[in-house]
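Number of protein chains: 4
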Amino acid sequence: MTEPSYSEFFQLIEGVFEGVPFVREIGLKLHEVDFEQQTLSAKFVRKPQLIGNHFHNILHGGVIATALDQVGGFTAMVAAYQRMGGAIDWEEKIQRLTRLGTVDMRVDYLKPGRGESFVCGGSVLRVGNKLVVTRMELHNDADELIATGTATYLY
Amino acid sequence: MTEPSYSEFFQLIEGVFEGVPFVREIGLKLHEVDFEQQTLSAKFVRKPQLIGNHFHNILHGGVIATALDQVGGFTAMVAAYQRMGGAIDWEEKIQRLTRLGTVDMRVDYLKPGRGESFVCGGSVLRVGNKLVVTRMELHNDADELIATGTATYLY
Amino acid sequence: MTEPSYSEFFQLIEGVFEGVPFVREIGLKLHEVDFEQQTLSAKFVRKPQLIGNHFHNILHGGVIATALDQVGGFTAMVAAYQRMGGAIDWEEKIQRLTRLGTVDMRVDYLKPGRGESFVCGGSVLRVGNKLVVTRMELHNDADELIATGTATYLY
Amino acid sequence: MTEPSYSEFFQLIEGVFEGVPFVREIGLKLHEVDFEQQTLSAKFVRKPQLIGNHFHNILHGGVIATALDQVGGFTAMVAAYQRMGGAIDWEEKIQRLTRLGTVDMRVDYLKPGRGESFVCGGSVLRVGNKLVVTRMELHNDADELIATGTATYLY
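These protein sequence lines map, in sequence, to chains A, B, C and D. Sequential numbering of the first sequence, starting at 1, is according to the UniProt record's numbering. Sequential numbering of the second sequence, starting at 1, is according to the UniProt record's numbering. Sequential numbering of the third sequence, starting at 1, is according to the UniProt record's numbering. Sequential numbering of the fourth sequence, starting at 1, is according to the UniProt record's numbering.
Don't take each hint at face value.
You can't tell identical chains apart in this list, so a pair holds if it fits in one copy or across any two.
Said to hold, decoys possible - With a straight-line cut-off of 35 Å between C-alpha atoms, the simulated DSBU-like cross-links for lysine-lysine are: (1) 29 to 111; (2) 130 to 47; (3) 93 to 111; (4) 93 to 29.
Since the hints were derived computationally from the structure, they do not count as laboratory data.
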């Protein structure tokens, strides 16, 4: 099997990303991937079942954590994929990426999660041959910074 | 309005807890509250839509973060309620509790989220007149420790 | 007592910052404060007693944590001072600032702490009327990003 | 070279622990190691140069972070050493342990760092073949819980 082009790799990521059952529950869609900058973003819209606070009509903290972890994890996959380079064959790379898991994550809830739609972006702080550390941000449609996160992934 | 008994307060918490829309999505149910020890636990069962990793059939990290944040937040409410004591009247207490929000949270994912059902417990590390810090643990039905968390809440 | 000018406030910060006993141990010096951007930086040079790893001649993680916490705390002070504004009198402001304390901090160690000198910068993620959340970065003299941190302060 | 007994291994740890230059600055001494429970503790006494807050005569947050990171790291070494077991030879084990480094750490500052002396204990939350996650606690001589931490180490 030959290694896919970047555009094929993008479609592969999109399919895997949006096929995750809990991601479908949230309605999170892959938005952009920049392989050179190793950044990635995803979007979702507010739905009644994502609300956490009855009294103030804001997103549940768990919805925000889900978006941050999902975006962080796929940003880490892009970085890990590139880091593995040509020395490892394509199938072994995919094997390692499917085992990639979150080690730990910190979320800072900066403003109440108000808005009609949200975009979550991820970037890489560190990529090693075992670990990737990513930073994530969640903005609402008024471009307010709602939450940030930092997570460590093992692959 | 007179202050409720502890049993009435338990039912109030249960109603608010299980009425949160995103908590209903997950299927998280309040299990036990110990007002003296200031601990609280909740349970949920695995459902197909909570899965995060296609390849290994395990919970999404966001499901785990949701359970930890929800349990931590309600543990914090119990502690804050008691901390406010008799000096503040019942309606003002409830007002402050409805504004309680997560400031930040760290989650450590210790083992893959495998299992048929899960129990998440919370306890208090610090309670002040503005902040509560709680620690949370998630176990599966084989009593394996799947994840731990620490979170700071403002009220 | 009249409120000081910004330049007097800078000197006040510098005196307090560099007067902290453990900061003197490290040799951390206040470098720049930008009151408009609410950013602040400090510098220190490597000394034998700051080493943590015998085998690789790198800074102890605790030295890095100290620099991040100290810079984050003083960045938070600047933000809190401005946030309090004119409604609170000067002496009460100073009182509140002297009680400012770290609630929690996450540090990510991205690269080994090698270098002759280090600069640590802080900026504000959130400033409320009780809490400030700051982000910090530590670079070495080769401009490598050694560590980042996020911390929550109560005032 | 034959593998040392546990008592020889304890002395080896103590020598390495107390030989770390920045640990000597703080005055942190190894107290107890329980190889079966994989727990470890260290002690230090208050000295003028460890103070962080002029106004309230309390430890600098960086001193606390240093103790937590140092104790967590050596707890992780004990766990990693045992995890490597008999399959890896003694010299390779030591090589890997000398490269053990902190990936990230969260510290929660629960009470002001008042006291004449302090004890810091660590225990293991997870030990894998690459990562160890530990939890740490710092108590003062009145047995008050001053701070807790969670850290991830790579070896």
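These are the hints, each one checked on the structure:
Proximity of residue 29 and residue 111 under a CA criterion of 35 Å is satisfied in both settings, with 23 Å inside one chain copy and 27 Å between copies. For a Cα distance limit of 35 Å, the shortest separation of residue 130 from residue 47 across copies, 31 Å, qualifies, whereas the shortest one inside one copy, 37 Å, does not. Taking CA atoms no more than 35 Å apart as the test, residue 93 paired with residue 111 passes between copies only; the shortest distance there is 22 Å, against 39 Å inside one copy. Proximity of residue 93 and residue 29 under a CA criterion of 35 Å is satisfied intra-copy only: 24 Å inside one chain copy versus 40 Å between copies.
The structure shown violates none of the earlier numbered hints.
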